[in-house]
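Visitor: Sequence:
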Amino acid sequence: MATVEELRAMVGKHGGKSTIQVDKSIIHLFCNTLGDTNAKWKEVGPPGLMTAAMFVGEGVHMEWPYPAIVDAGADWDFLKPIKLGDVLTVVNSLASVEDKSSEKGKRLLITFKSTITNQRGETVAISTGRVMNLMNLG
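Each step along the sequence shown adds one to the number in our numbering, with nothing skipped, and position 39 is 46.
It is worth saying that the hints were derived from the structure and are not from the lab.
Computed from a predicted model, the values in this text were never measured in an experiment.
The beta carbon of each residue, even a glycine, is placed where N, CA and C say it ideally should be.
Taking lysine-lysine and the BS3-like style, the derived pairs with C-alpha atoms no more than 27 Å apart in a straight line are:
1. 90 to 120
2. 24 to 120
3. 107 to 120
4. 20 to 120
Distance ranges between label pairs, derived from CB positions:
5. 77 to 21: 21 to 31 Å
6. 46 to 113: 44 to 54 Å
7. 39 to 17: 32 to 42 Å
8. 110 to 54: 34 to 44 Å
9. 79 to 12: 19 to 29 Å
10. 44 to 109: 41 to 51 Å
11. 39 to 110: 45 to 55 Å
Please model the entire structure based on the sequences and the hints provided.
Guide: Pasting the structure below:
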């Protein structure tokens, strides 16, 4: 396990780049999974497409200071439409580490930032995801 100080020293570090080309099968699979049959999603991907697991990318390699991890939510900013044929690149980074310890135990709020750009270098979406790293779940 890493120490809290070691984790804080990693703030700003990036994971490797992951790239995916948006093709008809990706859009079709996503829309069918949601039951969305809107014909306009044949050439343009629905905004939520970027939230799919295929766009997760390579994370920042790290060890957790505490054994328990709980999802603490995510925010998405969709900035530009995704079009059929776009080549999207995902880069993840460790954005912050905040001590949220209390009388209930040691806790860290860890924030990750994912930036998705297209083949023209335009940022199409930014995700800010958070996890709570806990010493115990009690």
